[in-house]
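**Student:** Each chain is listed here by its residues.
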Amino acid sequence: MITINHVSKSYVKGKKSVDNLNLEIKNGEIFGFLGPNGAGKTTTIKMITGILKPDEGEILLDGKNIEKQPVDAKKTIGFVPDSPDMFLRLTGIEYLNFIADMYEVPLEDRKERIEKLAKRFEIENDLGSSMQSYSHGMRQKIIVISMLLHQPKNWILDEPMTGLDPKSSFQLKELMREHAKKNNTVFFSTHVLEVAEKLCDRVGIIHKGNLIFVGTYEELKSEVKEGSSLEEMFLELTENE
Amino acid sequence: MNKIWVLTKVFLKSSFQFGTENKNTSSRLKKIAAKIGYGILILYLIGIFSFLSYQLIETLRAFGQETLFVGIFLLALLLLISIQTIFSAMNIFYFAKDIEQVLPLPIKPIELLLAKLNVLIISEYLIEFIFGLFPIFIYGYITGAGIIYYIISLVVLLLLPIVPILFITLVVMVIMRFSNLVKYKERFQLFINLAIILLAIGLQFFFTSTGEVSNQEILVTMTNVNGMVENIGNYFLVLKPAIHAIINTNEFIPLLQLIAFTLISFIIFIFIGNKIYFKGVIGSRGTALKKRKMKDKNYQEKDIGLSYVIKEFKLLIRNPIYFIQCILPAFLMPVLLFLPFLGNDNGMDIRNIAGLFNIQSTLGISILLSIISFLYSLNFIAITGISRDGENAKFVKQIPVSLYDQYIYKIIPAVFVNFIPSLILIGLVYYLFPVSIGFIVIIFLFTILFSFIHSIWMLWIDLKRPKLNWNTEYAVVKQNMNMLFEFIFSFICIAIFLLIGYLCMTINEIIFILILTFILTIALLFSNRYIRKKQDILFDKIN
Ligand SMILES: Nc1ncnc2c1ncn2[C@@H]1O[C@H](COP(=O)(O)OP(=O)(O)OP(=O)(O)O)[C@@H](O)[C@H]1O
Ligand SMILES: [Mg+2]
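Listed in order, the protein sequences are those of chains L and X. Counting in the numbering used here, the first sequence runs without a single skipped number right up to 243 at its last residue. Counting in the numbering used here, the second sequence runs without a single skipped number right up to 544 at its last residue.
Just chain L, with the same shape it has in the complex:
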C-alpha cells in the first residue's frame, strides 16, 4: 500500500514540479500514472522511492514513512527506473545476485525466481554475458527481474514498456497482473493510454504537477465528451487548465 499525503516538490523556487499531491494505492491494485512529458511523474516516483525528499508532506509504504524509516520502507519496494543502464560492467547474473544480496533473498528462492523469470523473458542463456552487450530491452528485462526477486509489496515502475518488444511487453503486463493478484500494489507511469486502459484498476492523470484526475477508466470516460478517442480524452483533460 502506498499513501501520499500533501506532497509538494519544487526543484526551482516558485515552480512546483509536484503540487500538493494526495493519493492512496491499495493492496491488490494496479495504478497507472499518466501525464505528458515534464508533468511530474518521475519526480513523484523518485519521492515515493526515497531518492528525492519532498519539500512538504509525507509518504508511507505499508505504513512506514520513507523519510523516517527509510530502510524498512525500502524493503517493501521494488523500483524499476526509467533508464535501464545499471552497472553495465557486471554480467546479468552478477547483477541479479548483487541485487538479491541487497534484499537478502535466500539462495534457493533467488535461484528459482531467476530461472523462472529469465525463461519467461527468454534471456536465460544471456545471463552470463556482460550487460554492456545487452540491448535496451534486455537491460530493461534484467532490471524488471531483479526487482521481483524479493517479491516486493509495492512494485513501482517508471515507464516500463519503453524498449520492450510486443511479446515482452505482454509478459510484463502479465507479471504486473499476477503481482497485484497476490495482494501487492503495482504503481507505474506511462504515456501509453491503451496500456492504462487494459491493465489498470485505477488511473491518475498529472499535469504540470497537479493531479487533475483519479479514478477508474470508466469514470475517466464519463468525464469527457461522448465518443472521443483516448488521445482526445487525454488532450481534453490536460488542456482545460
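Simulated from the structure, these hints should not be mistaken for laboratory data.
Straight-line Cα separation of at most 25 Å, BS3-like style, residue types lysine-lysine; simulated pairs:
id : chain 1 : residue 1 : chain 2 : residue 2
1  : X       : Lys292    : L       : Lys169
2  : L       : Lys210    : X       : Lys542
3  : X       : Lys395    : L       : Lys15
4  : L       : Lys77     : X       : Lys534
5  : L       : Lys77     : X       : Lys542
6  : L       : Lys55     : L       : Lys17
7  : L       : Lys118    : L       : Lys77
8  : X       : Lys479    : X       : Lys395
9  : X       : Lys294    : L       : Lys113
10 : L       : Lys66     : X       : Lys534
Got chain L; can you put chain X with the ligands on it based on the hints?
**Tutor:** Just chain X with the ligands now, with coordinates in the frame of chain L:
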C-alpha cells in the same frame, strides 16, 4: 580542412567541459569561481616550476655547466608528455563518447583521425605551456640569449611533443585494431596498456641503474647526468636535435632534423592511421553476447557488505579508464619515486647516507606520515566514489541499506588500494634504515588510521560536489575540480604532521607516538560519528 577544425572544437569542448555538474543549479558565479580556481592552480604550478628551474640553472651556472639544464629539462618534458599521452591516447581516440555522437555524421575517417590528433596535441601543448614555456624563457634570460633563441625554442617546443604523440598513438591504434580479433577485447586492451606502462617504468629503471648518480664529486655526477641524457636521447629520436637546436642557435641543422623527423612521422602516421583507425573505432565498441546456460555455481549468496564491496571493485577494475586513472597511479607513483633508491650499485651508498638520519624520531615519523599523505592524494577512488556511478548514483537511495553503511562500503576499495603505497613505503624504510619491527608495526597502524580518515573525507568532497552528468568516464577523473580539494587536503595534512613533529621535537618519541595515536583516533572517531549522524543530509545532492 574546415570540417576537421569544427570537429576539433567539438571534441575539445566535450573533453574540457567546465562546470557541467548541475546545469540548472550551478550559477555563473560558481563557474567563474571554478575558472579562477583553475587559474590559480596553473599560476601556482608555473611559479613552482619556474622557481625550481631558476635554482637549477643558477646552480649549474656556478660550475659553468648551464647548458646541461637544456638536456635535463627537455628530457623531463618529453617523459612527462609521453606518460601523459600513454594515459590519454586510448581514451581520446577510442573510448570517448563524443566519437559515438559524430560517427553517424558524414565524416571521412581521416578527418576524424586528424581532429582527434589535434585534441591530443592541444592538450599536450597545454602541459607544455604550464611546465615548459617559462623555464625555457628563464634559461634564455639568464644566459642573455638573443631574439633568435626565443624563436627557435618556441619552434622546438611546438615540435617536440608531436613525434612521441604520433608514435604512441600509432602503437595504440595497432593494439585496438588487433584487439578486435580477440575474444576478451577490453581485458586485452587493458593488459597491453599496462604492458606499455611497465615497459616505460622498466626503461626508467634501466636508466637510473646505469646512470650511477654517485655522491662522489659533483662534476663527475654532472658528466654522468650528461651521459644519461645522451643515453636516453638514443631512445627518443627527437631529443638530441631538440637539445642542440636550443643550445647552438646559430646552427640550423638540428632544427631541420627535428622538422624532418616530425614530417616523416606524420606521413607514416597518416598512412597507417588512415588504414586502421576507423576500423578499430567501430570494432572497439561493445562486447559480444555469448550464449550459455546458467549453472548452480552461478547462483551465489553473499553478505550485504561483502557483496557491495565486491561490486565496487568489479566496476573499478573492469573499466579500463577507471583502472588506469584510479588504481594504477596508486602503485606507479611510489614505484617511480622510490626506484632511484633501489638502483643496484648505489643502494649501499644510499643506505650509508640514510644511516645518518634517525627515522625513529619525532621528525622522522612526521616526515613518513607526510609522504604517506602525499601518496594517498594520488588515490582517486574515494573522491570519485559517487561520481563514477554517474546516472546510476541514485541507486544508493533505492536499496534498503542504510546510507551510512554504504558510505563505509564505498570507501573500502580506497582504503584497500592505499595499502599499496603504504606497504611500498614501509618496505623501503625497512630496507634503508635500521629500524625495529615494533616501529614498522606502529607506522603501519598509523597509515591505516590515516587511510580511513583520508578516504572518509574524500568521499565527503565527492558527495558535496558530485559530477554525475559526464559523457565520458575520463571526465570523472581528469576534468574534475574536486581533485584540487584532494591535493589541498593532503597539503593541509602534511602541514599539520610537520608542525606537530616540529613542535614535539624535544619530546620522547614514545610519548610522541602516543600523542599521534590519540590525535588520529580522535579524528577518525569524529569523522565516523559525523557521517553517521549526517548520513541523510550528506546524500542530498544524489537524486
Ligand atoms: N533535476 C531537475 N532539476 C530541475 N528541474 C527538474 C529536474 N528534474 C525534473 N525537473 C523538472 O520537473 C518537472 C517534472 O519532471 P519529471 O521528470 O517529473 O516529468 P515526467 O512526468 O517524468 O516527464 P517524462 O514523461 O518526460 O518522463 C519538469 O518541469 C522538469 O523540467
Ligand atoms: Mg519521467
